[in-house]
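**Q** Residue numbers for the sequence shown follow the numbering used here, beginning at 5 and rising by one.
Treat the hints loosely; a few may be bogus.
Here are the computed lysine-lysine pairs in the BS3-like style, where the Cα-Cα straight-line distance is at most 30 angstroms [unchecked claim]:
#  : residue 1 : residue 2
1  : 341       : 182
2  : 314       : 285
3  : 314       : 240
4  : 103       : 135
5  : 341       : 288
6  : 354       : 206
7  : 322       : 288
8  : 103       : 119
9  : 341       : 259
10 : 259       : 206
11 : 93        : 135
12 : 285       : 311
13 : 97        : 182
14 : 206       : 311
15 : 288       : 314
16 : 103       : 182
17 : 123       : 93
18 : 135       : 119
19 : 354       : 288
20 : 240       : 288
21 : 240       : 259
22 : 322       : 206
23 : 206       : 341
Derived Cβ-Cβ restraints for the label pairs, each shown as a range [stated by the list, open to error]:
#  : residue 1 : residue 2 : range
24 : 84        : 314       : 55 to 61 angstroms
25 : 351       : 328       : 20 to 26 angstroms
26 : 240       : 101       : 48 to 54 angstroms
27 : 258       : 285       : 21 to 27 angstroms
28 : 325       : 119       : 37 to 43 angstroms
29 : 262       : 325       : 28 to 34 angstroms
30 : 325       : 82        : 29 to 35 angstroms
31 : 262       : 286       : 26 to 32 angstroms
32 : 329       : 123       : 41 to 47 angstroms
33 : 240       : 339       : 22 to 28 angstroms
34 : 338       : 132       : 42 to 48 angstroms
35 : 132       : 101       : 16 to 22 angstroms
36 : 129       : 322       : 47 to 53 angstroms
37 : 338       : 283       : 27 to 33 angstroms
Since the hints were derived computationally from the structure, they do not count as laboratory data. Beta carbons: idealized from backbone N, C-alpha and C, even for Gly.
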Amino acid sequence: MNRQKLITRSLAGACMLVGGMVMAQHAPMPRGSSDAVSTTKPARTLNINTDNANATMPAGTSSTPMDHPGGSKQPVERADFGTLRLTLKQGTKGAPPLKAVPVTIDLLSRGQKLKTIEKTLDDGVTVELDKLALSPAFQPIITVARDGAVQQMVGPALHPMQSKVELEMSVYEITSDKINWTMGMRHVTMMPMQTPTGVVLKVEELVGVYNPTDRAWTGDVQPDGERMTYGVQLPKEASDVLFGKGMLEAGAKVKNNMIVRGTTMVPGASDLVYGYSLPVKDGKATLTLISPGDTGMLAVYVPGDFKVEKFSGVGEGKASGLHGASGRILYKAKDVKPGAVTVFELSGIKVQEARPRDMGPVMPLNLPKPEVKK
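The task is simple: from the sequences and hints, build the whole structure.
**A** Laid out in structure tokens, this is it:
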């Protein structure tokens, strides 16, 4: 039996399936890096990939089954029932061990909640949930609320080819003090899409944020009293805003044409995924990006069949990996300061009959709204 051990240190270490794609976790790019390759892979199912037992593996963790330290090419047995193990640990150095922490475990399949399990865990104690039916396949969503702030992990899928998963979630002490968070990278991809009202330009952003402390930050207090851990101004004509990994579970919303992410920002690296549509008129569109924070690398990938009439705030580079193979042109900038503006005036935008499937737009994932328990 394939026993897949997945150790995830924080929400940033989890991998979320977004819509019809598998969005693979990776840390923000080092400052000054010249290019990054998207690890997006196509999937035919919504939210759950049932074809590959290792498809939901978070980056930086081992894909070796627990029973085969050196790896194994033996055929994997299909299972009808699965087991999920969860261990909480204190993530803040010097803080007291966790004690009687309420945990909510939601099992989701295709955006629908199959089951909710409530547990109370101490530091280092493992809870085992067994005899979990694997049809349909599902993902575990782990929610912990401390001092009114939610910390959440999205685990990998359990399915007949990956029936046993073990998760370790670091739970951090909370701070409301301002932190010096940064963005290691901001990747922007785009593709035209036909809609009933005409062609639109679908834009997807993958942002890597970094919290340098060992406490979960609850964000800045806004004039309306709500907190914000990440906020980015949308282009004026943006519509159909969709949230993916790192945004849905943080209660992201649109306010005054600005994407606002709620609490919390956990320590270390986290990926944030969101997308929106821009109008296309006579094959033309304008994309305006305003930097929400210090960014090590801004990378914008433009389809090779588009014509870039004008651009500002970036220089032209050479795309590699999947981007290069699909003919995309890279425009990049290093050490982008907060408030910096990048503008692209594009033409020649039209929907092709065949486009690379690896670079589709972000799609919504219907995570349950976390309940804040004090």
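**Q** None of the hints should be skipped; say for each whether it holds.
**A** Going through the hints against the structure:
1. Of the pairs offered as hints, the one joining residue 341 and residue 182 holds, with about 18 angstroms between alpha carbons and a cut-off of 30 angstroms not exceeded.
2. Between residue 314 and residue 285 the alpha-carbon distance is near 17 angstroms, which keeps this suggested pair within the 30 angstroms criterion.
3. A threshold of 30 angstroms between alpha carbons decides the hint, and for residue 314 with residue 240 the separation of about 18 angstroms falls inside it, so the pair holds.
4. With a CA separation close to 27 angstroms, the supplied pair residue 103 and residue 135 stays within the 30 angstroms bound.
5. With a CA separation close to 28 angstroms, the supplied pair residue 341 and residue 288 stays within the 30 angstroms bound.
6. Straight-line distance between C-alpha atoms of residue 354 and residue 206 comes to about 12 angstroms, which keeps the hinted pair within the 30 angstroms bound.
7. For the hint linking residue 322 to residue 288, the alpha-carbon distance of about 23 angstroms falls within 30 angstroms, and the restraint holds.
8. With a C-alpha separation of about 25 angstroms, the suggested pair residue 103 and residue 119 falls inside the 30 angstroms cut-off, and the hint holds.
9. For the given pair, residue 341 sits about 23 angstroms from residue 259 by alpha-carbon distance, which is consistent with the 30 angstroms threshold.
10. This hinted pair checks out: residue 259 and residue 206 have alpha carbons roughly 20 angstroms apart, not beyond 30 angstroms.
11. For a cut-off of 30 angstroms, the pair hint linking residue 93 to residue 135 stands: about 25 angstroms separates their Cα positions.
12. Between residue 285 and residue 311, the direct Cα distance comes to roughly 14 angstroms. Compliance with the 30 angstroms bound is thereby established for this hinted pair.
13. A threshold of 30 angstroms between alpha carbons decides the hint, and for residue 97 with residue 182 the separation of about 19 angstroms falls inside it, so the pair holds.
14. Restraint check: the Cα-Cα separation between residue 206 and residue 311 comes to about 16 angstroms, which is no more than 30 angstroms; the hinted pair holds.
15. Only pairs whose Cα atoms come within 30 angstroms are accepted, and residue 288 paired with residue 314 is accepted, the gap being roughly 12 angstroms.
16. In summary, the hint linking residue 103 to residue 182 is supported, as the alpha carbons are separated by about 27 angstroms, within the 30 angstroms threshold.
17. Only pairs whose Cα atoms come within 30 angstroms are accepted, and residue 123 paired with residue 93 is accepted, the gap being roughly 15 angstroms.
18. A distance of roughly 13 angstroms separates the Cα atoms of residue 135 and residue 119; the hinted pair therefore holds under the 30 angstroms criterion.
19. Taking the CA atoms of residue 354 and residue 288, the gap is near 9 angstroms; set against the 30 angstroms cutoff, the hint holds.
20. Using a Cα cut-off of 30 angstroms, the hinted pair residue 240 and residue 288 holds, with the two alpha carbons roughly 15 angstroms apart.
21. Taking the CA atoms of residue 240 and residue 259, the gap is about 13 angstroms. The hint holds against a cut of 30 angstroms.
22. Using a Cα cut-off of 30 angstroms, the hinted pair residue 322 and residue 206 holds, with the two alpha carbons roughly 22 angstroms apart.
23. A hinted pair counts as satisfied when its Cα atoms are at most 30 angstroms apart, and residue 206 with residue 341 qualifies at roughly 25 angstroms.
24. A hinted range of 55 to 61 angstroms for the beta carbons of residue 84 and residue 314 is consistent with their spacing of about 58 angstroms.
25. Taking 20 to 26 angstroms as the suggested C-beta distance range, the pair residue 351 and residue 328 conforms, at roughly 22 angstroms.
26. Distance hint check: the CB atoms of residue 240 and residue 101 are about 50 angstroms apart, consistent with the given range 48 to 54 angstroms.
27. A beta carbon spacing of about 23 angstroms between residue 258 and residue 285 agrees with the range 21 to 27 angstroms that was offered as a hint.
28. Remark: the range hint 37 to 43 angstroms for residue 325 to residue 119 is upheld by a beta-carbon distance near 39 angstroms.
29. In this structure, residue 262 and residue 325 meet the distance hint of 28 to 34 angstroms, their C-beta atoms being roughly 32 angstroms apart.
30. About 33 angstroms separates the C-beta atoms of residue 325 and residue 82, a value consistent with the hinted range of 29 to 35 angstroms.
31. Remark: the range hint 26 to 32 angstroms for residue 262 to residue 286 is upheld by a beta-carbon distance near 29 angstroms.
32. The beta-carbon spacing between residue 329 and residue 123, approximately 45 angstroms, falls within the hinted interval of 41 to 47 angstroms.
33. For the pair residue 240 and residue 339, the supplied restraint of 22 to 28 angstroms holds, since their beta-carbon distance comes to about 26 angstroms.
34. In this structure, residue 338 and residue 132 meet the distance hint of 42 to 48 angstroms, their C-beta atoms being roughly 47 angstroms apart.
35. Separation of residue 132 from residue 101 is about 20 angstroms and conforms to the stated range, judged on CB atoms against 16 to 22 angstroms.
36. Taking 47 to 53 angstroms as the suggested C-beta distance range, the pair residue 129 and residue 322 conforms, at roughly 51 angstroms.
37. A hinted range of 27 to 33 angstroms holds for the C-beta pair residue 338 and residue 283, which are about 31 angstroms apart.
When the structure is compared with the earlier hints, no violation turns up for any of them.
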